[in-house]
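Starting from the known structure of chain A, arrange chain B on it as the hints suggest.
There are 2 protein chains.
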Amino acid sequence: MAAKEKITVIGLGVIGGSYATALKKLGYTVYGADCDAETVKKAVERGIVDDAATTAEAFIPISDIVVIALYPKQVEGELKKISGLLKDGAVITDVAGIKSHFTQRIESILPEYADFVFAHPMAGREKKGIDYADDKVFKGANFIITPSKRNKKSSLDTIERLAREMGFRNVMRLTPEEHDKIISFVSQLPHAIAVALVNSDDRQFDTPRFVGDSYRDLTRIANINEKLWSELFLGNKDNLLSSIREFEKYLDIIKKALENDDKAALEEEFIRATKRRTEFNKEL
Amino acid sequence: MAAKEKITVIGLGVIGGSYATALKKLGYTVYGADCDAETVKKAVERGIVDDAATTAEAFIPISDIVVIALYPKQVEGELKKISGLLKDGAVITDVAGIKSHFTQRIESILPEYADFVFAHPMAGREKKGIDYADDKVFKGANFIITPSKRNKKSSLDTIERLAREMGFRNVMRLTPEEHDKIISFVSQLPHAIAVALVNSDDRQFDTPRFVGDSYRDLTRIANINEKLWSELFLGNKDNLLSSIREFEKYLDIIKKALENDDKAALEEEFIRATKRRTEFNKEL
Numbered sequence: 000m001a002a003k004e005k006i007t008v009i010g011l012g013v014i015g016g017s018y019a020t021a022l023k024k025l026g027y028t029v030y031g032a033d034c035d036a037e038t039v040k041k042a043v044e045r046g047i048v049d050d051a052a053t054t055a056e057a058f059i060p061i062s063d064i065v066v067i068a069l070y071p072k073q074v075e076g077e078l079k080k081i082s083g084l085l086k087d088g089a090v091i092t093d094v095a096g097i098k099s100h101f102t103q104r105i106e107s108i109l110p111e112y113a114d115f116v117f118a119h120p121m122a123g124r125e126k127k128g129i130d131y132a133d134d135k136v137f138k139g140a141n142f143i144i145t146p147s148k149r150n151k152k153s154s155l156d157t158i159e160r161l162a163r164e165m166g167f168r169n170v171m172r173l174t175p176e177e178h179d180k181i182i183s184f185v186s187q188l189p190h191a192i193a194v195a196l197v198n199s200d201d202r203q204f205d206t207p208r209f210v211g212d213s214y215r216d217l218t219r220i221a222n223i224n225e226k227l228w229s230e231l232f233l234g235n236k237d238n239l240l241s242s243i244r245e246f247e248k249y250l251d252i253i254k255k256a257l258e259n260d261d262k263a264a265l266e267e268e269f270i271r272a273t274k275r276r277t278e279f280n281k282e283l
Numbered sequence: 000m001a002a003k004e005k006i007t008v009i010g011l012g013v014i015g016g017s018y019a020t021a022l023k024k025l026g027y028t029v030y031g032a033d034c035d036a037e038t039v040k041k042a043v044e045r046g047i048v049d050d051a052a053t054t055a056e057a058f059i060p061i062s063d064i065v066v067i068a069l070y071p072k073q074v075e076g077e078l079k080k081i082s083g084l085l086k087d088g089a090v091i092t093d094v095a096g097i098k099s100h101f102t103q104r105i106e107s108i109l110p111e112y113a114d115f116v117f118a119h120p121m122a123g124r125e126k127k128g129i130d131y132a133d134d135k136v137f138k139g140a141n142f143i144i145t146p147s148k149r150n151k152k153s154s155l156d157t158i159e160r161l162a163r164e165m166g167f168r169n170v171m172r173l174t175p176e177e178h179d180k181i182i183s184f185v186s187q188l189p190h191a192i193a194v195a196l197v198n199s200d201d202r203q204f205d206t207p208r209f210v211g212d213s214y215r216d217l218t219r220i221a222n223i224n225e226k227l228w229s230e231l232f233l234g235n236k237d238n239l240l241s242s243i244r245e246f247e248k249y250l251d252i253i254k255k256a257l258e259n260d261d262k263a264a265l266e267e268e269f270i271r272a273t274k275r276r277t278e279f280n281k282e283l
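From first to last, the protein sequence lines are chains A and B. No gaps in the numbering here: position 34 of the first sequence is 33 in numbering that gives the first Met the number 0, and each next residue is one more. No gaps in the numbering here: position 151 of the second sequence is 150 in numbering that gives the first Met the number 0, and each next residue is one more.
Next up, chain A with everything else stripped away, as it sits in the complex (with noise of 0.2 Å):
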């Protein structure tokens, strides 16, 4: 067996924290790298890196993966950063939420050399830092992998057993295209619908004394981080309003059949929703 690579982990926020500490706990030599000293700091005392620092540029020639752990947005200006720096044969990976427009806009600025492989590992929390990072988020979880047609394959089944390592469970692969559509509706949709639910309450009681799970549940994702998510929303729009717009039909079934006391239009939407969730429950 060859040695294990060593990784630089650049952005040591929640997710790139936690994958810091899976792949540190997996016998890896892992590199650190956070704009924020505190971050650094912290990841150093805690152990989940064998090294860390302000910038990549030290650990990126001595890398034979990168993972890029930012906000989209932000990825951009960090590969300009690190692409001429990069090792020889070294896999860059990310963990961006959307992938369409993103790739795009990647691939255009990528020196020939460098191989992206462009993963989403779907494991989001709501809270946000160094300290809530924890790899036991990634058990069981699914990880995407959208392939271009410039990656090599061993790059693939390096970050594809990357994943596996961490504990993700369905690790598929996707087109970009593919992914931005289904990430609209498992994943966008249900928190735009989180955060207009507890928007439209008009406080006219005191909402927490009467909740129940139903509200509970609906409505713990309206716990949202604005800059990543607002993000992820800008950059997958047309999908996400066309996600928006298929469910604001059905409500308005619901609606159609509130007004004219049609009980078997309601039954009948109950009755198709409870089988699809009750199949759902035995995939799951």
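Derived by calculation from the structure, the hints in this document are not laboratory data. A couple of the hints might just be wrong.
Identical copies go unnamed one by one, so any copy, or any two together, can satisfy a pair.
[Claimed, not checked] Taking lysine-lysine pairs in the DSS-like style, the calculated list, with each CA pair at most 25 Å apart, reads:
(1) Lys-236 with Lys-248
(2) Lys-262 with Lys-135
(3) Lys-127 with Lys-226
(4) Lys-135 with Lys-40
(5) Lys-79 with Lys-24
(6) Lys-152 with Lys-226
(7) Lys-262 with Lys-5
(8) Lys-236 with Lys-151
(9) Lys-148 with Lys-86
(10) Lys-3 with Lys-262
(11) Lys-226 with Lys-255
(12) Lys-72 with Lys-138
(13) Lys-5 with Lys-126
(14) Lys-274 with Lys-126
(15) Lys-3 with Lys-255
(16) Lys-72 with Lys-248
Small disclaimer: the values here were computed from a predicted structure and weren't measured.
Chain B in isolation, oriented as in the chain A frame:
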């Protein structure tokens, strides 16, 4: 201390069965009635009642408290059957999730000597039937009483005491109109949203393979008892329609922000939602 009351629970489904279980454990004499013979048999065999039958007739004349744990539309018919058999001073209560029109209808047929305390134990379950009866669901849950002008103070206090003994944490008194307004927002709107979300899936992809916690949380209650919930929705349609419309206004703000690439407007919505949801966590 006076002797413990004798209590008849009519309808031994998931809520009635849970009442019986809780009350029996508390040392009350509990009689059960359910139109389903199999349910009656299970209730007796499992010892969650002292006696049970397919009709309540034999138990009503010796009961101090009668809990009607049926669907809202069935309460009227049941009340007509038992009214003439009630013990002097008996207190009747219900578990219906809607109150305004419902209580008006019930009071219009209620004999003058009967005292009906309208109550809503906020501990709904996705599952139905006695097999899912479990008094643990009451622990820490909310309980709303909607007093009527006809209620004796002692009757209200009796039902409040039972609720607390069964483990409910907040026992609140509201007008039927207040109850229905708040319930349309904290309970019915989330159910409408969950159903519409699951039904709006175009199923172009194998959704279950891609979901994370957010979609799972938001759709759990899409598994819904269609007979009961279509009654609850239609029995509170004006409030629910206005809650849905208010929710749609806030979803529109998100849509407009997406259409206009307005990052600041999106962030503003996210910040407001996060602030509210965080306050919320503190209170709960």
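Against the structure, the hints come out as follows:
| no. | hint | result |
| --- | --- | --- |
| 1 | Lys-236 with Lys-248 | both (18 Å within a copy, 19 Å between copies) |
| 2 | Lys-262 with Lys-135 | neither (45 Å within a copy, 32 Å between copies) |
| 3 | Lys-127 with Lys-226 | within (11 Å within a copy, 43 Å between copies) |
| 4 | Lys-135 with Lys-40 | within (22 Å within a copy, 46 Å between copies) |
| 5 | Lys-79 with Lys-24 | neither (30 Å within a copy, 69 Å between copies) |
| 6 | Lys-152 with Lys-226 | neither (34 Å within a copy, 54 Å between copies) |
| 7 | Lys-262 with Lys-5 | neither (62 Å within a copy, 38 Å between copies) |
| 8 | Lys-236 with Lys-151 | neither (30 Å within a copy, 58 Å between copies) |
| 9 | Lys-148 with Lys-86 | within (21 Å within a copy, 81 Å between copies) |
| 10 | Lys-3 with Lys-262 | neither (63 Å within a copy, 42 Å between copies) |
| 11 | Lys-226 with Lys-255 | between (37 Å within a copy, 18 Å between copies) |
| 12 | Lys-72 with Lys-138 | neither (27 Å within a copy, 47 Å between copies) |
| 13 | Lys-5 with Lys-126 | neither (28 Å within a copy, 51 Å between copies) |
| 14 | Lys-274 with Lys-126 | between (33 Å within a copy, 13 Å between copies) |
| 15 | Lys-3 with Lys-255 | neither (61 Å within a copy, 49 Å between copies) |
| 16 | Lys-72 with Lys-248 | neither (33 Å within a copy, 29 Å between copies) |
Of the numbered hints given earlier, the model fails hints 2, 5, 6, 7, 8, 10, 12, 13, 15 and 16; all others are met.
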